[in-house]
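Top to bottom, those sequences are chains A and B.
Note that the UniProt record's numbering numbers the first sequence so that position 108 is 108, with each residue one more than the last.
Note that the UniProt record's numbering numbers the second sequence so that position 272 is 272, with each residue one more than the last.
Rather than coming from a laboratory, the hints here were simulated on the basis of the structure.
A virtual CB, placed ideally from N, CA and C, is assigned to each residue, including glycine.
Mixed in with the good hints there might be a few duds.
To be verified - 25 Å max Cα-Cα, derived DSS-like pairs, lysine-lysine:
(1) A:K746 with B:K159
(2) B:K257 with A:K141
(3) B:K257 with A:K620
What the hints assert, rightly or not - To list a few chain A residues with every Cβ distance to chain B over 10 Å, as calculated:
(4) A37
(5) E127
(6) V282
(7) L387
(8) L389
(9) T616
(10) A618
(11) D682
(12) P736
As the list claims (entries may be wrong) - Examples of chain B residues toward chain A, derived with CB under 8 Å:
(13) L40
(14) T186
(15) M188
(16) T267
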Amino acid sequence: MALDSSKTTDFKYVGTRPDRPDGLDKVTGRAKFGADATAPGMLFAAIKRSPHAHAKILKIDASKALAMDGVKAVVTRADFAEGLTGETWNVLENVMAGETALYDGHAVAAVAATSALIARDAMKAIEVEYELLPHVTDVDKAMAADAPVIRAGAADASVPEGLHPNVVRYYESGHGDVEAGFAEADLVIEDHFTTEATHQGYIEPHACLGTLGADGKGELWCCTQGHWNVQKLCAAMLGIETSQLRVTASEIGGGFGGKTTIFIEPVALALSRKANRPVKLVMTRAEVFRASGPTSSTSMDVKIGMKSDGTITAAQGTFRLQGGAFPGGPCEMTAMCAFAPYNLTNVHQVGYDVMTNRPKQAAYRAPGSPMAAFAVESVIDELCNQLGLDPFEVRLKNASREGTRASFGPKWPRIGLVETLEAARAHPHYTAPLKEGQGRGISCGFWFNHGGETSVSLAMSEDGSAQIMVGTPDIGGSRASMALMAAEVLGIPYENIRCTIADTSSLGYNEISHGSRVTYASGLATIKAAEAAVEELCRRAAAKWDIPEEAVYWEDGYAKPSGPNAGDHAPLHITELTADMGATGGPINGHFEATPEGAGVSFATHIVDAEVDPETGATKVVRYTVVQDAGKAIHPTYVEGQFQGGAAQGIGWALNEEYIYGEDGRLQNAGFLDYRIPVASDLPFIDTVIVEVPNPGHPFGVRGVGETSICPPLAAIANAVSNAVGVRMRQLPMRPSRVLEALESKDG
Amino acid sequence: MQYFKPATFEEASALAAGAEGITRFLAGGTDVLVQLRSDLVTPDVLIDIKAIPGTHDITRTEDGGWRLGVAVTGAEMSEHPDLGRDWPGVVEAMDLIGSTQVQGRATPIGNLCNASPAADSVPAMIAAGAVLSVVGPDGARDIPVEEVPAGPGKTTLKKGEIATALTLPPRGAQGGDAYLRFIPRTEMDIAVVGCAINLTVEGEVITSARMALGAVAPTAVVVHAAADALVGRTLDDAALKALTDLAEASCNPIDDKRGTVKFRTHTAGVLARRVAQIAYDRAKGAKA
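So that you can see chain B by itself, here it is in the shape it has in the complex:
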C-alpha cells in the first residue's frame, strides 16, 4: 500500500488519476480504516486529503448558504454557532453517527462517498438540496448529492475525481429540516431506516417540500412526489397519511440481519410522519 499526503487538490487528483488498483481518499478514516482492518477493502493507494488548506473550513457563501470543506467533521458541524440554526436536520443527521470520538473524525462528505445505503447524513443533505463539488482530470463540476451514490459502495465520481466541498443552499425564511432514523438501540448503531424532510411554509401552508429515505434501497431515495403531497396544504392528518403512503411506496429494501422488508417499509412511513412534524414545526419557528 502506498500512502500520500498531497498539499493541493490538483496534486491529489493527479495521484488518483495515475494510481493503479484500489484507491481510497482518507479524511476521517472512520470507514476506510475500519474496512482495512476488517479485511473488507485493502487499498493499494491511500491519499490523505486532510493537509490540503481550507478542507476544515465552514464558510458562508455569498448568497447566504454554507460551504463545508471536504474534511469538516461532525463535531465541527455540531459546534458551529450558526450552521445548525439554518440546517438543524443536516447537523443532527451527521451527529447521529458513531460515538463522540468518531464525531471528531467522521466527515459528511466521507459518509456520502462511502456510499452506504444506510448513511445517516445523506438523506438529510439530499432533502436540503446540497451539492457536492469535485475536481478531476476534466476540471471541476458540481453534482447534486442524490446523484453521487451509484449503489452500495459505489459512486458516480470518475477516476481521478476528488470531492472538495459540500454546499448547502441558503435557508431562507420560514424553512425547517429534520432527520430521524430507526435503530434498535438509542445510539452507536446503523440505520434500519432513515428519513429526512425539508420544508418551507407561509403561515400554516407548506410552500416547498423535499423528502429522502435511507436504508430502504441500494441508494438513498428521493421522494419527489412528497412535494405534490404537501405543497399548498397544511400538515393535517390527510397530509400525514398521504406522506406515509408515499414513503412506504418508495421503499425497495432487502431482508437482512438488520431488518426485514416488511419492517423497513412500515417504519419508513412512521418516520416520515414524525420527521414531517418536526420539520413543519421548525419551519413555523420552533427552535431546533
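In isolation and in its complexed conformation, chain A is listed as follows:
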C-alpha cells in the first residue's frame, strides 16, 4: 500500500522559516552564476546585431574579423541546422537571423576570440550590407491595412479571414448573450486602454559557457529557468542528439519568465564546434534590452454593464497583444484571465497576437494577466465610482466561487478569491484615512498555475541525511521548500537535507520553472519520492523485526510497529536503518516521475494608496498591501517575498517602465538609466497577508504563488492614481507628464 502523507494541518517543518540553503553562497559571492564559469582554453564571443528595425541581409563579410590576431571563428545562420519547423524554427530565427533582420538588435553573426576585447573589436569589423525595409513597432498600426507585412504566412489556422497578415493568432471564448446583458444594465462603460512593453529586468544578464566537439557531444553551462528545454532546443539547432548535450543550470539572478527560452546558447555551441574550444558568451545589459524577450505591449477595449445594485450583467473585452517579430504574444491567456475573478452570465473575450518589428516577446510573470486586469478592473472601479458602490462589495457580489462557471468555460473547483477579498476588506489598510492628494485603489487578479512534466530523485545517506535532486532551477527559494517538504515526510531536520538542481544527465526530464509550478509539481514529486524512501525504510524495519511490512508505520523519523499484534519492538530511528542499508538490501532511494494535473489556480486582492504631486504629476506609492491565496505556504518568508516582488515589478510597470521606440524603429532606452525600474526608495514597505485555501491537487495543499502577485498591481495602482487625481488613467505607464496632462484636462 502506498504511503500517503497528505495533510493540511499539524505540520512540524512545513510552514517554518529556516534560512535558505543557497543564502550564504549568495551573500558571500561564492554562488556561481552564468558568467562565473571558466574552462581551459576558453574563448570569448560577441554577437553582431542589426541596427535596423527591418532589413534584408544582402551580404555578411567577416574577412576583416577573421584576419585579426586571436580571432578563432565566425558563425552566421549557415552554421545552424536547416529544416526546423514550428516554434523551434522561430527560436532559431530569433537567435540568428536568416535572410532578414527583423528588429533593432537582431543577431546576424557572431565571433569567438581569445579575449573579450578582441571579440568585441572583431564583431565591429564584421561588415553587413542591408537593404532597408519598411517597419512597424506599434500594435494598432501593425494591424492596419497599410502596415508592412513582417512575415507572410506566419498566421495559424485560428486567424479569421480578412485580418492583416501580421495578426498571427486569434482567440475567442465566452458564454451567454452580452448584448442582452448590456441592455439589462443601469450603467455601461466602455473604455480603451494601452500598456507598453516592459522587461523582466532580472539582475543577471544571459550568460553561458558551451563546448561542442566534432563527435557531436557537448557540455553547456548557462543561466536558465529550464535546462531540459535548453538541451532540446540547442540540440535541434546544432543537429545533434538531445542526450549528447549535457546542460547544467547555474545559479540564476532572476528570470521572471524571461529565461524560459534561449538567446545565446546555440551561438556559443556553434562557435565552439567551429573553433574546437570552449566558448563563453555573456550579454551586455543593452543586448538584454534589445534582444532578449520583454513582455507584450497591448491595446485593449473593455465594456462592462452593471446594475445599480452592483450586479455585473455583461462583460466584453478585446485584447491586442504585440509580440515582436514572431508569433507568441499571449493573447489567449490575456483574454482568459481578464474576467476570471467574476461569475458572469454574459461574457465574451477576444485576443489577437500581432507581430511587429520588435524583439520576440518572452514570458513575463503571468503573461497577459496583469494587462487584462488593468483594463477590466479600471472599468469596474469607474462603474463603482459612478454608481456610488463600495469596490469590495461589488467584487464580492460578483466573485467567482467553487462551482461557478469561469469566464473561459470550466467550473471552478475550490478557489480562494472570496477569502482574499474578505481578508483585504478586514485589513486596517482599507479603512486607514487618506491624506490630501492621495487616492486608494483595489484590484483582484488571477493566474492559472501549472503542473507539467516533473522528475525528482531522493537518496538516503548512511548517516540518515538525505539528498534531493530536482530539475527545476530555483528561482524563488524552492530548494528550501523542497527540503521542508521532504523533512516533513522523512521526519528528519530540514538542515539534514540537501537539495540540488541536477543537470540534464543526472535526472529525468523536467519542464521549465514556469507557470508557478515548482513548489506545486516538484514539491509533489519530492513528497512522493520521500514517501517511496519511507516505504523502503519501513520494509527494512519489517525485515529486521521479521514482521510483515504492512505492520510497520513511519512517524517522526522512526519506524514503529503498528500495534500490539506486530510485536513489542523498540522504534528504529532512520539512522539505524540507513547505517547498514548496503547489507540489508542496498541503497535506499526514492524517485517520482509524472505530469501532475492538479495545480490549483490562485487569486489575489491588492490595496494601494498613491500620492500625486499636483504640480509635477509625480506619483509615489505610499502604502501597499498584498492579499493572496497560497493554498499552503511551505516557507512563508519566500511566499511573502513572491508577493512583494510581484507588487514591486507591478509598481515599475504602472509608473515608469516602458520600451521607447523612435520613428526609426530603434529602441531608445536600452539601459537602466532610461528604462526606469523602481529603486528601493521608490517603494513603500509592501505588506502581505497569506490566505490559505488548500489545493486538493497537492498533498499539502500548495498553490503556485509566483505569478498571481503581479496580476493586480497595474490595475490597483491605476485605480489609486485615478482616484487621487479625479481622472481615469487609461494608459500605462503613468509617467509624470501623462498624469500632469490628465490633471490639466480636468482643470480646463
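Once you have looked at the hints, place chain B on chain A.
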C-alpha cells in the same frame, strides 16, 4: 588607447597638448569609463589625474571661500564638516548624482567638464558663483563655471588645458543656496529639469539672487533676470509668480525620451518656486 598617469599638472597639460585623436582626462571615470564601455567615446589618450598631489584636497581660501581639488569626489564633499554649512545647495546637488558607490568616484569638476546639459552639480555651482581654474600651454586662467560648457559634450577649454581646481566664493552672512531636480524616480536617475538658486537677505528682504536651470537648453542656463525679480523684495507670492514666469521663459528644451518641451518648461517654474523657498529659508537661518 594610451594611458598616462602624470605626477604634475604641467606634465598632464603637456601630454594633452601633444596628444592626437580623442583625449580624455580620468578622475572618477563615472562618465569616461561608462562612455567607453557603451561605445559612445573611445579615447585615444587617457590621462589619469588622480595621482597629482593636492587633487583630493578641500581647503579654505584666504578670503573665506573654498577650493576643491580636481579629483574631489561627491562623497568627500558630503562628508566634509564645514563645506555643506556654507554651500548646502552645491553639496546636495553633487550628492544627488548616482549611487553611494558612484559618489565615491564622481567629481563635480568631471560633472562640469562632461558638459551634459542635465549635470546636477553645474546649476548649483553657477548659482554659487563658482570659478574653474585651468592650466594649459598658455598658462593658468580662471573661468566662471557658466562659461565652461559650450554645448552637449563640449567645453570652452582649449587643447592642452586641464582643470586644476574649483573655487567657491565666501558664503558671507545671511546667505543660502539650494538645488532641486525633477526625476521620475526618487534617485539613481537623470534630471529632466534642474534648478539652483543662491540668495542673500537682510532680514526678510532679498539683497542678491542668482539662479540657474539645468536640462532645459544645450547648456545650463543662467537666469540673470532672477536678481531683478527678487532683489529688494521678500519672497512673497508675487515674487514667486515672477520667478515662475522667468524660469519658464528661460527654457529652451527639447522633446526627448526623458521629457517633453511642455513638461520641462512647466516643471522649471515649479522647481524655481520650491528652490527659492528653501534658499530663502536657509538665508534667514534655517539649518540645511
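Status of each hint after checking the structure:
1. A:K746 with B:K159: Violated - the C-alpha atoms of K159 (chain B) and K746 (chain A) are around 54 Å apart, more than 25 Å.
2. B:K257 with A:K141: holds, 21 Å
3. B:K257 with A:K620: Roughly 21 Å between the alpha carbons, so the hint for K257 (chain B) and K620 (chain A) holds.
4. A37: holds, 22 Å
5. E127: holds, 17 Å
6. V282: Holds: least Cβ distance 13 Å, greater than 10 Å.
7. L387: holds, 34 Å
8. L389: holds, 34 Å
9. T616: Label violated. Min Cβ-Cβ 6 Å, cutoff 10 Å.
10. A618: violated, 7 Å
11. D682: Violated: least Cβ distance 5 Å, not greater than 10 Å.
12. P736: Nearest chain B Cβ is 6 Å from P736 (chain A), so the label is violated.
13. L40: violated, 11 Å
14. T186: Holds, because the Cβ-Cβ distance from T186 (chain B) to chain A comes to roughly 4 Å (cut-off 8 Å).
15. M188: Holds, because the Cβ-Cβ distance from M188 (chain B) to chain A comes to roughly 5 Å (cut-off 8 Å).
16. T267: With a closest approach of 6 Å, the T267 (chain B) hint holds.
Going down the numbered hints, you'll see the structure goes against 1, 9, 10, 11, 12, 13, while the others check out.
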